[in-house]
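The primary structure of each chain is shown beneath.
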Amino acid sequence: MMDRKLFSHIRSARVLLILTVGLGLTGGFLAVAQAQFLARIVTQVFLRHASLVLVYPALLTLLGIIGLRALAAFGSEAAAGQVAAKVKMDVRERLLSHLAKLGPTYAKGEQSGEIALTIVDGVEALEPYLARYLPQVALSAFVPLTILAFVFWNDPLSGVILAVTAPLIPFFMILIGKGAQVISDRQWKALSLLSAHFVDVVQGLTTLKIFNRSRDQIEVIARISDDYRKATMASLRIAFLSALVLELLTTLSTAIVAVTIGLRLIAGDLPFSNAFFVLLLAPEFYLPIRLLGTQYHVGRDGVTAAKRIVEILETEPAVKGSSTATLRKPITLGRIAFEHVGYTYANAPQPTLRDISFQAEPMQMLAIVGASGAGKSTIADLLLGFIQPTVGRISIDDVDLRDVPLGWWREQVAWLPQQPHLFYGTIADNLRMANPACSDLEMIAAAKKAGADEFIRTFADGYQTFVGERGARLSGGQLQRIALARAFLKESEILLLDEPTSALDAETEWVIQGALRQLRQNRTVIVIAHRIHTIERADHILVMHEGTIQQAGKHRELLREPGLYRELVLAYSKTAGEGA
Amino acid sequence: MRTLLRFLRPYGWLVALSIVSGFFAVGANIGLMATSGYLIARAALRPETVLLLWVPIVGVRFFGISRAVFRYIERLASHDLTFRMLARIRVYAYERLEPLAPANLLARRTGDVVSALVADVDFLQNFFLRIVSPVIVFILALGLSYLIDAQFSVLLGVSLVISLLVAGAVVPGLTFWLGKKSGEELVTLRSEYYAIVLDLMKGMAELLAFGQYEALVARLTALQRKISRRQRFMSRLNGVSTGVLVLINHGAMWISLVIAIPLVATSKIPGYDLAVIALTALASFEAASSLPQAYQYLGQTLQAFKRVKELVGPDSLIAESGEPIGNDQAHDLVIRDLYFRYRQDEPDILKGLDLTLPFGKHVAIVGESGVGKSTILQLLLRFWEYDRGSIVFDGKELRELDASSLRACFAVVEQAPHIFQATLADNLRVASRKISQERWQQAMKISKFDTVLAQMVDGEQTLAGEWGTRLSGGEAQRLAIARALLVDAPIYLLDEPTRGLDSVTARQVLQGIEEVTRGRSLLLITHRLTGLEMMDEIFVMHDGKVVERGTHQQLLEIGGRYRSLYDRQYVEQQLDCIQPSAGAAVHS
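Read top to bottom, the protein sequences are chains W and V.
Counting from 1, position 488 in the first sequence corresponds to residue 488 in the UniProt record's numbering; the numbering is continuous, with no gaps.
Counting from 1, position 108 in the second sequence corresponds to residue 108 in the UniProt record's numbering; the numbering is continuous, with no gaps.
Same shape as in the complex, but just chain W (with noise of 0.2 Å):
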């Protein structure tokens, strides 16, 4: 089921799997064919007394089935490989492209580690399942069933104990299989606690310092392990158990053909061509039941993997239409209004927001101010166009944002999010993601507005010293101060502020709100608020409670009216009364 809809998303995958298993038939016919040539020789050379030279075409077309098996093998293999390849590569960029529509609401927090393994190890789980799994699971019943066919031709008392033990073997193999799987499961569990306890102790080991404990943790770790040594030994012992039996299976099924062979041969019943014949074919008869088994994990691993990147890949996009939208007039950027806008998360019992409506005029600043949770951050989404309303509309100069199309709109917009990511690159690099064009100048320019120049100077690469990831470390205030210079960088006619709730050192402080004074005096602002400085300075103010505008107006006639507001900067006041 998860294969056809893997399958229909990538087109590939199909070529992939029709080849391997073609290749794996072939190879299948030939070790029938070489059983063949191989027992005619020996009878000829044993009963028959052949010289070499009287077996020499024989012999000479056994390499040759030799060669052949060879190249099949090579050729399933090398094919696999090519094919696979061009699976991962669709597959990603099928998910990447994918990923854009869903936007960062998709791959937000937490999220966002696990696609990220999707992408690179869950695609390349694929390989193994495509290329190995799937191929393996319609061989192990094409090739028994084409052997089978053979040796019943040759000898059908050998066919029969063959086709009696066959079946025995998915059956067992699925008996153990789901044992097997309860206690990898479990064994898995058990080595996840094993290794998140070592994971633990390793990290709180400045705790376990200070307090003068971290020796004692050496015979912790040393029983724990001891402890999982003998769980795992346990539940190992009945997995071997039942492969010991699964072997026994099929090396007995291979002792009683050759028994009964055998005894039937001195009876004169069968000729020792088909004797030997079915005897070279008993082992290559379960072999590829066999090596069903060794990839049953690469299976699993598989299976979960392609259904994460279904389960992706037919998640609906919350924008549309978005790309198709192209400009039909000139839009000149005048007033942004939120007509009664709604919006419910996907699966949210609760909509997020409720009828808001506002306008922020052209060279104004409007704040946003309200509790974690009152939607805020719902509202920059909407508007950067991440997600679109499910109810209501945004306008842009009475032109419906779902009818502007989204590359352009964006280009407008400088944003300072909350928390800036820094991409792991040179600090110049991370500066012109907002102006790719923008030359040194510029760019320093722009830093030196954000107050940013100074600190970054002090790193002995300067503009070129790496951050991210794996670069150096920043403070929360250069960060801002970095991504305040990327807002100045960017041209734009619009700027949205997140601003951080966290206490940022004094100097960002000054910083931020010297450059927010600078930048509205030729932009569009609009805030989400956490400071009081920058609120009084609003022209505007929406008070947000639980996805609703309680309260909007000046500052000075907000707190003239009773209300949330009124509470908020009251219950402000009374505090640093209380401390003076």
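Derived from the structure by calculation, the hints contain no laboratory data.
Among the hints, erroneous ones may be present.
[Claimed, not checked] Within a straight-line C-alpha distance of at most 30 Å, the following computed DSBU-like cross-link-like pairs (lysine-lysine) qualify:
| # | chain 1 | residue 1 | chain 2 | residue 2 |
| --- | --- | --- | --- | --- |
| 1 | V | K180 | V | K226 |
| 2 | V | K226 | W | K5 |
| 3 | W | K449 | V | K351 |
| 4 | W | K86 | V | K180 |
| 5 | V | K226 | V | K181 |
| 6 | V | K445 | V | K434 |
| 7 | W | K448 | V | K545 |
[Unchecked claim] If we take Cβ atoms under 10 Å as the criterion, some of the chain W residues that face chain V in the derived model are:
| # | residue |
| --- | --- |
| 8 | A84 |
| 9 | K88 |
| 10 | Q203 |
| 11 | R213 |
[Unchecked claim] Just so you have them, the derived chain W footprint on chain V, three or more residues with Cβ under 8 Å:
| # | region |
| --- | --- |
| 12 | 53-66 |
| 13 | 72-81 |
| 14 | 93-103 |
| 15 | 195-204 |
| 16 | 225-237 |
| 17 | 247-255 |
| 18 | 268-276 |
All C-beta atoms in this analysis are idealised placements derived from N, C-alpha and C, irrespective of residue type, glycine included.
Please arrange chain V on chain W, whose structure you already have, making use of the hints.
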């Protein structure tokens, strides 16, 4: 390699048992095929009575059963051995890691480093299972194959051994060698790819907002092409190697025939042995089949072990041993003109710090975040080595004291306390091995952790940490305070103890700590100017130095940095912090 083998040494008998039974399992397979061939060939000559075939029939049955049994024993022994070995390696890694924390460990992100270490240690399970054991079994099987074939003709034996060596050693070795460069490149390329994908996911909002998503995807596609090229090369290489192995395996059988047929024709060997020879040649390659894998694992395993050794390898930055010091004395602490930087390429964080903490006094260090307040604590705990200046503890230079006995003089509330994956009680008991009932209750009460415990269904037995109940910031902080108060030490070091606590609770908790630590030294590090009226002295830090000192009242009167910090703290109060009460007011 040699050091890894050392971990196997204590388990010699298990090693022997595993290898011997592994060899017997492979031997039984050869035996099964060879005796089966012998059986049917002799049977084809139609002997007078079945009794003549009694020995081969018993042989066939014996090998048919024993193979599975030997395999079973081998698996048990080798896995047991492997787990024992891993346990030893884990203890070894921890023993070496312990002195490094936190200075040599925190340079990179601990979480990643530790999980990489765990993965590497787990990977070492392949060492015996997939490398040592298959190689030795292969060598033994070589001998067996030779012995079987050589009884017919030495040439047969030699040719089989040569084919086995080519299939088991030469071809996999060559494949491994040819693919080594690509394989290594693939590892780096893939980790680079992963890093970019992770970046892409985490920074997706910004990439889309700045219109840079496509550009990064293009970079990924280019990288993917490079990866694909190498993977295709690897799969061709593996294809060739698989094909060649098939050729050698069956070719060896073919060569055996070519050698043996004239011998049969000239009656040098009996005809029925021809079947034995052909089947022996086919069956003996089983031992060679796991060797390509062994080559691959060898490289990876040695690398994993190298990484483990590298991580645990460096010597501690700090000399832990020194003059022991008792924790029941009155210790004065004096810091003079202290300079410190975390890394040589970073600027100084402490720039000539002076500070005194006479025994029994309560002292606070205040300042904005990032001025180096917490660094002082790190240095006092001997987690880092200071460069210039001196810290004199009880009249002796700090670095000359025994680190462990020094730490016993402190009870510490860390800034980012670690919550272990254990019960809350166990988390608290980290503090000390012996805790009196009285002390326990007092600590719970003062830290107000008792209210946290009261909320939990399982109370003290509630599982905490990643897989248990997640403690909120404030709850974790109270746990850390309780933990510190359980320690009986002359000096209390508190680093931002009230982080995450509301101001009322913060004040009460601080008051409680104040009272219970009277008569002992207390060093409070904070950027929050709450409850400082009780302090004997306050040091105001700025830019790595102490810029003002005095009592709360004195500092307020001076009207300097302390005063402005104090005022601004309320001016810059965040709306979010006071929202809940305001929100409630609206509803009422």
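Which of the listed hints are not met by the structure? none
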